[in-house]
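All chains, please: the whole structure from these sequences, using the hints.
Here's the letter readout for the chains.
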Amino acid sequence: MIERVCVVGAGVIGSLFAGHLGRVAEVSVLCRREDHARALNEHGLRVSGKADFVSPVSAATLPAELEAPDLVVVATKAGGLEAAAASLQGHWPDAAVMTVLNGLGAEEVVRRHGEWPLVSAVTFISGTKHSDTHVEYILDTETWIGPYRDAPYALAQEAGELIARSGLAVEVLPDLRPAQWSKLIFNATVNGVAALTGLPHDFHFAEEDEPEDLGRLVHALVDEGKTVARAAEIELHDDPWEMNVLATRRGSAHFPSMLEDVEAGRPTEAELINGALVREARDRGVDVPLQEALYALVRGREGGYS
Amino acid sequence: MRICVVGCGAVGSLFAANLAQLEDVEVWAYDLAREHVDAINANGLRLSGAGDVLGQVRATSDAGELPLCDFGIVATKAMHTSGAVEATAHAFAGGCVASVQNGIGNEEAIAQHVERVIRGTTFPAGRVLEPGHVQWDVKGDTTFGPFEFRPAPPEEVERLADACTRAGMPAAAVPDARGPQWRKVIFNAATNPLGALTRLTHGRVCERPDLRALVTGLVDEGKAVAAAQRIELDDDPERLIDHAARKDVAYDHKASMLQDVEARRPTEVDYLNGGIVRFGREHGVPTPLNEAVWALVRGLEASWTR
Chain A
1 MIERVCVVGA
11 GVIGSLFAGH
21 LGRVAEVSVL
31 CRREDHARAL
41 NEHGLRVSGK
51 ADFVSPVSAA
61 TLPAELEAPD
71 LVVVATKAGG
81 LEAAAASLQG
91 HWPDAAVMTV
101 LNGLGAEEVV
111 RRHGEWPLVS
121 AVTFISGTKH
131 SDTHVEYILD
141 TETWIGPYRD
151 APYALAQEAG
161 ELIARSGLAV
171 EVLPDLRPAQ
181 WSKLIFNATV
191 NGVAALTGLP
201 HDFHFAEEDE
211 PEDLGRLVHA
221 LVDEGKTVAR
231 AAEIELHDDP
241 WEMNVLATRR
251 GSAHFPSMLE
261 DVEAGRPTEA
271 ELINGALVRE
281 ARDRGVDVPL
291 QEALYALVRG
301 REGGYS
Chain B
1 MRICVVGCGA
11 VGSLFAANLA
21 QLEDVEVWAY
31 DLAREHVDAI
41 NANGLRLSGA
51 GDVLGQVRAT
61 SDAGELPLCD
71 FGIVATKAMH
81 TSGAVEATAH
91 AFAGGCVASV
101 QNGIGNEEAI
111 AQHVERVIRG
121 TTFPAGRVLE
131 PGHVQWDVKG
141 DTTFGPFEFR
151 PAPPEEVERL
161 ADACTRAGMP
171 AAAVPDARGP
181 QWRKVIFNAA
191 TNPLGALTRL
201 THGRVCERPD
211 LRALVTGLVD
221 EGKAVAAAQR
231 IELDDDPERL
241 IDHAARKDVA
251 YDHKASMLQD
261 VEARRPTEVD
271 YLNGGIVRFG
281 REHGVPTPLN
291 EAVWALVRGL
301 EASWTR
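In order, the protein sequences belong to chains A and B. Residues 1 to 306, numbered by my numbering, are exactly what the first sequence covers, in order. Residues 1 to 306, numbered by my numbering, are exactly what the second sequence covers, in order.
If you're looking for bench data, these hints aren't it; they were derived computationally from the structure. As the structure is a prediction and not an experimental result, all values here were calculated from the model. We put the CB at the ideal spot given by N, CA and C, even for glycine.
Over 12 Å on every C-beta distance to chain A, these chain B residues come out as not near it, computed from the model:
id, residue
1, Met1
2, Glu23
3, Gly64
4, Glu115
5, Phe123
6, Pro153
7, Glu158
8, Asp234
9, Asp248
10, Val249
11, Ala263
12, Arg265
Only some residues are given here: those of chain B computed to face chain A with a beta carbon under 7 Å:
id, residue
13, Arg208
14, Val277
15, Arg298
16, Ser303
Below is the structure:
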């Protein structure tokens with residue numbers, strides 16, 4: 001039985017998970033900043049938007065200060081993952097760890113720091129943080145969950161049931177890789193193109209009439225990604241091009257995190273997303289010139305911050 | 001001899017002010033920037049930097065004021081070619097009109113309005129400092145040749161090149177001017193959009209191995225399109241790219257497209273990468289990387305109205 005959950009990383013995704021889970025479990029939050037932890041202990045975590053409630057949470061900057069959880073939800077940004085995983089080392093040997101990050105490879109980073117059974121997750125929810133203790137829930141899309149490597153399916157099911165009871169949409173899958181790859185290809189393409197053009201994920205991404213229409217590039221980038229998935233013998237859970245077209249029809253256009261990072265002059269998650277896809281391609285001898293170009297341009301854009 | 005510069009921005013001003021030094025040449029300038037025109041008429045057209053020149057030029061924003069001219073030198077941004085030449089065509093009823101613009105397709109646009117057209121490519125560069133005053137950044141050569149479909153007579157091409165050379169703007173008349181033009185277009189199409197998308201200067205684009213590889217990918221597509229048209233490049237664009245990347249040449253230069261992006265002005269991408277894509281299609285040469293950067297820069301332009 002999962003009774004205690006610790007969420008590691010209190011950005012948008014971490015806050016949405018912590019807030020929701022606080023309704024069905026005892027939730028703690030492991031943050032980076034002392035003042036963030038203090039504010040959470042004092043005010044709890046408010047979720048607005050698609051939901052509206054406040055969850056009490058206990059928060060700290062060190063695992064030793066928190067009660068041992070049954071489930072750890074790691075929801076840092078790619079750039080904060082290594083430090084977060086290292087801080088968990090030696091703690092909570094009986095817990096399971098679920099990673100909710102973009103890209104590929106987060107589970108392996110966590111594995112280097114402990115033997116916890118691992119659950120993989122990819123999420124499509126999103127929102128906006130208005131303060132350390134208030135997150136607006138904007139996109140109430142699904143989270144996909146599956147056991148990592150030899151972890152039991154029942155563990156993923158248990159985590160999935162808890163998260164579903166907390167009010168988030170969940171699909172539990174016996175093998176998450178097809179879903180992870182669908183999202184990887186989708187994110188590498190859509191986030192990269194958004195970061196470079198400054199466009200939110202709007203109708204431009206699905207336009208394919210003229211040679212210079214952005215949708216043609218998006219489609220070609222997705223096709224390259226699918227070639228890599230085939231070479232990796234992954235049967236995709238969803239077609240990333242269809243995911244793209246659907247997302248552009250959702251009404252208000254989503255601002256992908258990589259676009260927000262670039263506009264704020266912050267490091268992006270390109271390494272774990274675009275870098276991961278390109279490296280998978282290179283390892284398998286698959287040519288992906290457009291994904292390579294996108295990756296080089298996003299990295300160059302980060303190099304061009306003034 | 002009477003010469004009218006159509007579009008008296010930085011490059012147009014270099015031609016106008018220098019040609020006005022010649023006793024046998026009367027120089028007119030047609031430009032829509034009223035303050036610039038008034039300043040030129042009041043105080044002359046001044047260049048500083050690579051050369052200090054003051055030229056007596058008759059400037060106007062009213063095409064109806066233009067007398068019959070022997071030559072036109074079109075130096076507008078590529079997207080303004082057709083409008084500017086349509087407005088001034090009556091002045092060239094007996095003369096020849098040369099393009100010294102960036103990109104592919106300007107001569108075709110000029111030929112829709114005048115009979116005798118000269119294909120030109122020029123390497124000098126500058127920027128407008130204030131009305132009537134232009135900074136001359138880089139000296140360079142110009143090449144003129146008859147435009148194949150509506151050619152100016154070779155002796156007229158010679159006469160224009162000779163006047164420019166005598167005026168301190170070294171120019172060569174050649175039978176086939178496509179080689180230098182494609183070399184410059186390939187150079188610009190392979191480097192300008194990368195600067196615009198990453199915000200990096202020319203030198204900083206070239207020192208990143210992944211972006212430098214993308215530059216070469218773009219150059220190779222351009223070379224293949226040129227070869228399919230039996231155009232012999234007068235030199236390898238790669239040499240020009242590496243030369244310009246030197247600290248003592250143009251390492252810190254912001255490509256004009258980057259300047260456009262920073263000022264949120266429409267770019268010339270349709271005439272650079274768009275031109276390579278269009279001619280590639282006509283000759284059955286695939287140009288996926290040029291299509292990609294064309295779409296990305298178009299997306300960037302579209303984001304300004306988001």
